[in-house]
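Based on the sequences and whatever the hints tell you, model everything.
Chains W and G, in that order, are what the protein sequence lines are. Going by the working numbering, the first sequence opens with residue 34, and the numbers climb by one from there. Going by the working numbering, the second sequence opens with residue 10, and the numbers climb by one from there.
Think of the hints as simulated: they come from the structure by calculation, not from any bench. All residues carry an ideal CB built from backbone N, CA and C; glycine is no exception. The reader is advised that the hints may include incorrect statements.
[Unchecked claim] Derived, one-sided and incomplete: chain G residues facing chain W with beta-carbon distance under 7 Å:
1. Ala-85
2. Trp-153
3. Asn-155
4. Leu-156
5. Ala-157
6. Leu-160
7. Gln-161
8. Gln-162
9. Pro-186
10. His-251
11. Ala-252
12. Tyr-255
13. Ile-256
14. Trp-259
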Amino acid sequence: MEPDNRFPPSSPEPSTGEPRNQAGTRIGLQLRLNQLIFDRELIVGDLDLSLVGGEITCLLGPSGVGKSSILKILAGFIPLPPESWIECSDGRPVTGRISYMDQHDLLLPWATVLENIVIGGRLRGESPDLARARELLHRVGLENWEGARPATLSGGMRQRVALARTLMDDSPIVLMDEPFSALDAITRFRLQGLAADLLKDKTVLLITHDPMEALRLGHTIHVLSGHPVTLSLPYSPDGPIPRDPADDALRHYYSEIMASLALATADTP
Amino acid sequence: MKLFRILITIGGLLLFWGAVTKIAELPKFILPSPLIVLMALIENAGLIAENALTTAVEIILGLVFGITFGMMSALAISAYHPVRQWVFPVLIASQAIPVFAVAPLLVLWLGYGIAPKVVMGTLIIYFPVTVGFLDGLNRTETAWLNLAGLLQQSHQRSRFANIYTLYRYIKIPFALPSLASGIRVAAAIAPIGAIVGEWVGSSSGLGFLMLHANARVQTDLMFASLLVLSLMAITLYYLVDHALRYILPWQPDKDTPAPS
Chain W
34 MEPDNRFPPS
44 SPEPSTGEPR
54 NQAGTRIGLQ
64 LRLNQLIFDR
74 ELIVGDLDLS
84 LVGGEITCLL
94 GPSGVGKSSI
104 LKILAGFIPL
114 PPESWIECSD
124 GRPVTGRISY
134 MDQHDLLLPW
144 ATVLENIVIG
154 GRLRGESPDL
164 ARARELLHRV
174 GLENWEGARP
184 ATLSGGMRQR
194 VALARTLMDD
204 SPIVLMDEPF
214 SALDAITRFR
224 LQGLAADLLK
234 DKTVLLITHD
244 PMEALRLGHT
254 IHVLSGHPVT
264 LSLPYSPDGP
274 IPRDPADDAL
284 RHYYSEIMAS
294 LALATADTP
Chain G
10 MKLFRILITI
20 GGLLLFWGAV
30 TKIAELPKFI
40 LPSPLIVLMA
50 LIENAGLIAE
60 NALTTAVEII
70 LGLVFGITFG
80 MMSALAISAY
90 HPVRQWVFPV
100 LIASQAIPVF
110 AVAPLLVLWL
120 GYGIAPKVVM
130 GTLIIYFPVT
140 VGFLDGLNRT
150 ETAWLNLAGL
160 LQQSHQRSRF
170 ANIYTLYRYI
180 KIPFALPSLA
190 SGIRVAAAIA
200 PIGAIVGEWV
210 GSSSGLGFLM
220 LHANARVQTD
230 LMFASLLVLS
240 LMAITLYYLV
250 DHALRYILPW
260 QPDKDTPAPS
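Printed below as a string of structure tokens:
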């Protein structure tokens, strides 16, 4: 839809009807950002972010710090600023290999749960893979709700549908913008576990303001602070995802991250 | 309960009307009593029904054409930038011309049949439908457009194909509630076109009958025709309203705030 200035005009991709699905491939991602200016204000300046292939990277920071801007640049919602670039570890463009999940479920109110999951295929004019959609519905535990309208579901269920839709294309890269922030504690906890399971082998960028969520899900955690925003050095707690937040080993990380966050909040106007 | 309230209101108004004619002793060619109007209605039932049918056909055809053209215009304006730049301003400016002023011209061009009335109705209905639908089409949530754009990222498809599916699956459904508001307004004002058209020049229709009765001081027949016309207009509005509610059961009325 919009001009894709993310890549030098190297290859117009001689497409040979290659499928979108590339399950199994782990793709690392490198973002080099040189000054994102919005309304004459420097939001992000001089930032390097790398996502390890097949792992979850968390960006943790207080609201209004510009976390979402970074994600939106990766997703292409904000055009890539000049002298910035995005590079995949396999050297191919990132276009068409990203799935996105928002804080709001963004479900279509008129469509059934099943139709909401296959909307990507519909928008591309393909005939939707209903079998795969049903399998995903089963995996998020909503197999009995495929004919329901979103308005009849609870917030947690709606977000599970959104998760299934995000996984439908099986893109190797998944961007998540505070996907569980609108949910109550228990529902959020369960969904984090489910997401960790379903996002295995995907390269994930997860934006959150919740240190617990970051510690539970993130292989790598960066704290964002300052104005313009800067990245902290990565925290990389051990242990398989999802981690148990009651784990003693995490306590040390928790206090360190909290201290870093407190500083970050003090910096923010 | 609602029906009860409506009946009370109608009964009260009729009583008041009757009382006024009785107390003021108005002659029946100035203000006939409800009873006289009712008798005129029964006496001329065949005549009124015949003319009401003409008017109903004009209204419905006007509604169909107005809604069809209105929807097509809104889609063209929304999807194709040059149309928005060149045609939309003309459309807005055209609304400065009172449709009633055009009525004699339409009769001159199209004769005394139902054609000029249908055109009048179409002209009146076209604008609210266009504006309502266009407003809805332009207000698709940015978050959804972003997501749809991402879902469509693929190398194979033409821009046109992407726009088509974007409208088909996202933009048009999101705009339907706004279109419905436009159609409700259209249904409420649809009879105006037909009646004005009939006043300017016609050989049948309720407007024609009223004008005819007025000239012969058959005030009771005038009132009877007016009554039938009002009933037609109200029925039309409620039918359209109910149909729209039935078609759009998910319509976010007021409770669910849209995602931002």
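**OP:** Against the earlier hints, flag every one the structure doesn't satisfy and list their numbers going up.
**Re:** As far as the earlier hints go, 1, 9, 10, 11, 12 and 13 are violated by this structure, in ascending order.
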